[in-house]
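**Q** Sequence:
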Amino acid sequence: MVYQPAKHGQPDYFDFNLGWWALRDHPRVLVLFYEDLLVDKATQVRRLADFIGVELTDQLLKDTLEATSFQAMRDNPNVNVSRGGETDGWKAGVSFIRRGEIGDWKNHLTVADNEELDKAIAERMSGSEIQFVYE
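For the sequence shown, UniProt numbering assigns the number 1 to the initial residue and increments by one for each residue that follows.
Treat the hints with caution; some may be incorrect.
[As the list claims (entries may be wrong)] For lysine-lysine, the following DSS-like pairs were computed, each having C-alpha atoms within a straight-line distance of at most 30 Å:
#1 106 x 41
#2 106 x 119
#3 41 x 62
[Said to hold, decoys possible] What follows is a list of derived Cβ distance ranges for each label pair:
#4 48 x 78: 18 to 28 Å
#5 61 x 35: 14 to 24 Å
#6 42 x 12: 12 to 22 Å
#7 28 x 56: 12 to 22 Å
#8 56 x 115: 36 to 46 Å
#9 13 x 56: 30 to 40 Å
#10 118 x 21: 10 to 20 Å
#11 65 x 102: 16 to 26 Å
#12 32 x 120: 35 to 45 Å
#13 102 x 48: 17 to 27 Å
#14 106 x 57: 38 to 48 Å
#15 16 x 60: 25 to 35 Å
#16 130 x 50: 20 to 30 Å
The hints are simulated quantities; they were obtained by calculation from the structure and are not laboratory data.
Please read all numbers here as calculations on a predicted model, not as lab measurements.
Glycine included, C-beta positions come from ideal geometry on N, C-alpha and C.
Construct all of the structure, not just a fragment, from the sequences and the given hints.
**A** Here it is in structure tokens:
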């Protein structure tokens, strides 16, 4: 079974996403998608800065983009638990951060796994209007 209900105190994936999606129009909620960050991180950082009321200078944007680059995050043990950070609930020896590419799931899931996930997504997310990008 690829999709497993919540355990180790982690929220259920579908409940988590649906809960925040229901609040997407609330003035104190900003919904960002990881895939949008990969496609145009600078625009998403600007959206976030605007949302929280931070003046984003060119230098701050540059520093933020560097500090949040995939390589910087992968090398930071406070972010990447496989590099020595907190491992509560994470499998030892398994990288928390993989490749940071849209569609990398294809390197980890079988066709049967994908079909199982598609079914779970269709059942649990139907009617939500959330548009996830998988490739």
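**Q** Decide, hint by hint, whether the structure agrees.
**A** Now for the hints, and whether the structure bears them out:
1. 106 x 41: OK: residue 106 and residue 41 at ~23 Å, within 30 Å.
2. 106 x 119: Status holds; Cα separation ~17 Å.
3. 41 x 62: Answer holds: residue 41 to residue 62 is near 11 Å, not above 30 Å.
4. 48 x 78: 18 to 28 Å: Roughly 20 Å apart at Cβ, these two residues keep to the hinted range, so it holds.
5. 61 x 35: 14 to 24 Å: With Cβ atoms ~20 Å apart, the hint holds.
6. 42 x 12: 12 to 22 Å: Check failed, 33 Å falls outside 12 to 22 Å.
7. 28 x 56: 12 to 22 Å: About 19 Å separates the Cβ atoms of residue 28 and residue 56, which means 12 to 22 Å holds.
8. 56 x 115: 36 to 46 Å: 43 Å Cβ-Cβ, so the 36 to 46 Å window holds.
9. 13 x 56: 30 to 40 Å: holds, 31 Å
10. 118 x 21: 10 to 20 Å: Given range 10 to 20 Å: holds, Cβ gap about 19 Å.
11. 65 x 102: 16 to 26 Å: Because 18 Å falls inside the window, the suggested range holds.
12. 32 x 120: 35 to 45 Å: Taking Cβ atoms as reference, residue 32 and residue 120 lie about 23 Å apart, which means the hint is violated.
13. 102 x 48: 17 to 27 Å: holds, 20 Å
14. 106 x 57: 38 to 48 Å: holds, 39 Å
15. 16 x 60: 25 to 35 Å: Holds: the Cβ-Cβ distance is about 30 Å, inside 25 to 35 Å.
16. 130 x 50: 20 to 30 Å: Because 23 Å falls inside the window, the suggested range holds.
Of the hints listed earlier, those the structure fails to meet are numbers 6 and 12, in rising order.
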